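Colleague: Please construct the entire structure, taking both the sequences and the accompanying hints into account.
Residue-level listing of the chains:
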Amino acid sequence: AQKVTQAQTEISVVEKEDVTLDCVYETRDTTYYLFWYKQPPSGELVFLIRRNSFDEQNEISGRYSWNFQKSTSSFNFTITASQVVDSAVYFCALKGYSSASKIIFGSGTRLSIRP
Amino acid sequence: SAVISQKPSRDICQRGTSLTIQCQVDSQVTMMFWYRQQPGQSLTLIATANQGSEATYESGFVIDKFPISRPNLTFSTLTVSNMSPEDSSIYLCSVGGTGITEAFFGQGTRLTVV
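The listed protein sequences derive, respectively, from chains A and B. Taking our numbering, the leading residue of the first sequence gets 31, the next gets one more, and so forth. Taking our numbering, the leading residue of the second sequence gets 318, the next gets one more, and so forth.
Hints in this document: simulated from the structure, not taken from any laboratory. This one's a predicted model, so the numbers in the text were calculated from it and none came from an experiment. Warning: the hint list may mix true and false statements.
[To be verified] Below 30 Å or equal to it, Euclidean Cα-Cα: the simulated DSSO-like pairs (lysine-lysine) are:
{"no.": "1", "chain 1": "B", "residue 1": "324", "chain 2": "A", "residue 2": "68"}
{"no.": "2", "chain 1": "A", "residue 1": "46", "chain 2": "B", "residue 2": "324"}
{"no.": "3", "chain 1": "A", "residue 1": "100", "chain 2": "A", "residue 2": "68"}
{"no.": "4", "chain 1": "A", "residue 1": "100", "chain 2": "A", "residue 2": "33"}
{"no.": "5", "chain 1": "B", "residue 1": "324", "chain 2": "B", "residue 2": "382"}
{"no.": "6", "chain 1": "A", "residue 1": "33", "chain 2": "A", "residue 2": "68"}
[What the hints assert, rightly or not] Here's a subset of chain A near chain B, in silico, CB distances under 7 Å, partners left out:
{"no.": "7", "residue": "65"}
{"no.": "8", "residue": "73"}
{"no.": "9", "residue": "74"}
{"no.": "10", "residue": "75"}
{"no.": "11", "residue": "77"}
{"no.": "12", "residue": "81"}
{"no.": "13", "residue": "129"}
{"no.": "14", "residue": "133"}
{"no.": "15", "residue": "135"}
{"no.": "16", "residue": "137"}
{"no.": "17", "residue": "138"}
The beta-carbon is built from N, C-alpha and C at its ideal position, and this holds for glycine as well.
Modeller: Pasting the structure below:
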C-alpha cells in the first residue's frame with residue numbers, strides 16, 4: 031500500500047526564519063514520483079516540484095530546496111528566509127510510475143509566517 | 318505541461334440540487350481525475366475518467382452521487398447530485414496519461430451547500 035505522512039500539522043515561524051516541512055512515504059514500487067504542492071487560501075493547488083525515485087539529487091530553486099533521501103523514504107522541503115507570502119498549506123504527494131497510477135496525498139502542513 | 322481550466326470557480330447551492338463542474342484541458346489527455354477536498358482535509362480521489370469508457374470510482378464514491386462524463390480527450394464534467402451541506406468542498410480535476418508526469422490541477426471549484 032502507498033502512504034504519505036506529513037507529521038507536522040501546523041508550523042508557525044517568524045518571517046526570515048528557515049523552516050523545514052517533513053514528508054515520509056511508503057511504497058512497494060521501485061520507481062515512483064514524489065511531489066510538493068502549495069495551496070494558498072484561494073484554494074488552487076500550485077505545483078512546486080516533481081522528483082523521480084531514481085534521481086536522488088537534491089534540488090534548489092531560489093529560497094526553496096528539497097532533500098530526497100531514499101534510504102529513509104523522506105522528501106523534505108525547506109524554505110530559506112521565509113516570507114509572509116509563503117503562508118499556505120503544503121502537500122507532499124506520491125505517484126506510481128504507471129500513467130494509470132493515482133496520486134496519494136499527505137494530510138498537509140499549514141505554514142504560517144508571522145511578520 | 319497541460320493547462321487545465323475549471324468552471325465554475327465557486328458556487329453556493331441549495332441542498333437537494335445538483336451542480337455540474339466542467340474541466341477543460343488545452344491538449345488531448347488519456348486520463349482525467351476528479352478529487353474532493355473537504356474543509357481542512359487533504360485531497361481524496363473520487364474517480365478516474367477515460368474517454369470512451371465508464372469512469373472508475375474509488376471506494377466510498379458512487380456514480381449516482383457523482384456522475385461523470387468524458388465526451389472527448391480534452392473535456393470532462395463532474396456532477397454533484399442531490400447536494401447536502403456535507404458536500405461542501407473544493408473539487409479539483411487533474412490529468413494523466415502517457416508522457417504526462419507532472420500532476421497539474423485545475424484551479425478548483427469551491428462549493429458551498431446551504
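Colleague: Which numbered hints does this structure break?
Modeller: Those not satisfied are hints 2, 12.
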